[in-house]
Amino acid sequence: MDQSRYVGGWTRRLARVLRMPHDAWQRGKAAWIRHHIRVNPQAVFILGNQKSGTTAIAALLAKATGKSITLDIFYNLPARIEMALLTGELPLSRFVAENPQYFATDLVKEPGLTFVYEPLSTHFPQARSVLCLRDPRDNIRSMLNRVNLPGRLDRLTPEHWQAVPNLLWKHILEGRLFGCDGVNYIDTLARRWNRALAVYERHHDRVILARYEDFVVDKTGFIASLARRLGMESRHDISAHVDVQYQPRGDHTVTWEEFFGPANLQIIERTCAEGMRAHGYAPVTE
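Residue numbers (this note's numbering): 305 to 590.
Incorrect hints may have been included.
[What the hints assert, rightly or not] With a Cα cut of at most 35 Å, we get these calculated DSBU-like pairs of lysine-lysine:
1) K371 / K523
2) K474 / K367
3) K367 / K523
4) K523 / K474
[To be verified] With beta-carbon atoms standing in for the labels, derived distance ranges:
5) R499 / A544: 34 to 40 Å
6) P345 / R539: 19 to 25 Å
7) N488 / T426: 31 to 37 Å
8) A544 / P566: 41 to 47 Å
9) R532 / A582: 21 to 27 Å
10) R384 / Q549: 28 to 34 Å
11) A544 / A567: 22 to 28 Å
What the hints contain is simulated information worked out from the structure, not anything from laboratory work.
This structure is a prediction, so every number in the text was calculated from the model and none was measured.
Idealized CB from N, CA, C, for every residue including glycine.
Working from the sequences, and respecting the hints, build out all of it.
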């Protein structure tokens with residue numbers, strides 16, 4: 305073969321691609337993905353509320369088993385896409401069909417899918433899920449740490465709302481989009497915890513519960529046990545990875561009483577009472 309002709313032809317094709325308008329490039333890329341990437345119908349979904357340990361558990365499970373993983377589908381997507389899924393304006397089936405790359409791996413970790421579990425389970429009838437659960441008082445404190453908000457207020461001020469980093473977190477704190485708006489922002493987050501837990505309680509035949517507190521006691525043993533329950537083999541030693549900080553760490557030095565104050569702590573324990581009792585989280589208020 306005449307190498308100069310080969311190289312010249314390749315560079316001309318590359319030049320044509322580089323001259324393509326951005327929109328045309330994106331359409332071509334999307335079409336290629338839809339044509340060449342296949343959705344995994346037996347994926348395992350790692351679900352749960354934000355800050356409930358989903359990232360650490362999913363990442364270590366992938367390392368232990370050698371399975372491929374997708375982390376945080378919505379992180380780099382416009383917030384309106386997740387919002388459209390929540391309202392039903394964007395059917396989950398269409399989102400999957402248009403974005404198969406997110407659903408082609410063995411494991412898919414995305415807390416946002418927790419709140420569209422019904423269409424998710426319908427679209428993936430062969431899939432299994434893991435629901436990560438964390439003590440609601442720790443979970444809610446970590447969520448508020450994530451967005452630099454205090455826990456003792458009766459109401460968030462306009463200044464607090466303005467400081468919330470993005471639209472999705474505003475909807476999380478406000479609650480209506482998720483069907484869990486409460487008497488104040490603490491009650492809203494407590495109701496959100498209940499909604500996440502309900503995925504396991506209503507679908508325990510297809511959903512495995514993973515308590516974050518059990519995970520932190522023995523991370524290696526917990527991941528090995530979870531892998532077995534999922535029918536996977538732990539192939540790799542993860543002991544060097546168990547102390548990696550996968551998400552920004554919240555402030556655990558402040559007690560629940562100090563962080564929430566008596567009124568808001570009581571709201572959490574009252575709103576989440578049934579789920580706390582069922583899963584070993586003892587109340588500290590009367």
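Hint consistency between K367 and K523 [alpha-carbon to alpha-carbon, up to 35 Å]: holds (13 Å)
I want to verify a distance hint. Is the separation of the beta carbons of R384 and Q549 within 28 to 34 Å? The hinted range 28 to 34 Å holds for R384 and Q549, with Cβ atoms some 30 Å apart.
Against the range 21 to 27 Å, how does the distance between the Cβ atoms of R532 and A582 compare: consistent or not? Cβ of R532 to Cβ of A582: about 24 Å, so the range 21 to 27 Å holds.
K371 and K523: Cα distance at most 35 Å? holds (18 Å)
Given the hint that K474 pairs with K367, test it: the Cα-Cα distance must not exceed 35 Å. Holds, at roughly 33 Å.
Taking the Cβ atom of A544 and the Cβ atom of A567, is their distance within the range 22 to 28 Å? violated (44 Å)
If you check the beta carbons of R499 and A544, does the distance land in 34 to 40 Å? holds (36 Å)
Would you say the C-beta atoms of N488 and T426 sit inside 31 to 37 Å of each other? holds (34 Å)
With the threshold set at 35 Å, check whether the alpha-carbon distance from K523 to K474 stays at or below it. holds (33 Å)
Note whether the CB distance of A544 and P566 lies within 41 to 47 Å or breaks it. holds (43 Å)
Could you tell me whether the CB distance from P345 to R539 stays inside 19 to 25 Å? holds (23 Å)
Hint 11 from the list above is the single one not met by this structure.
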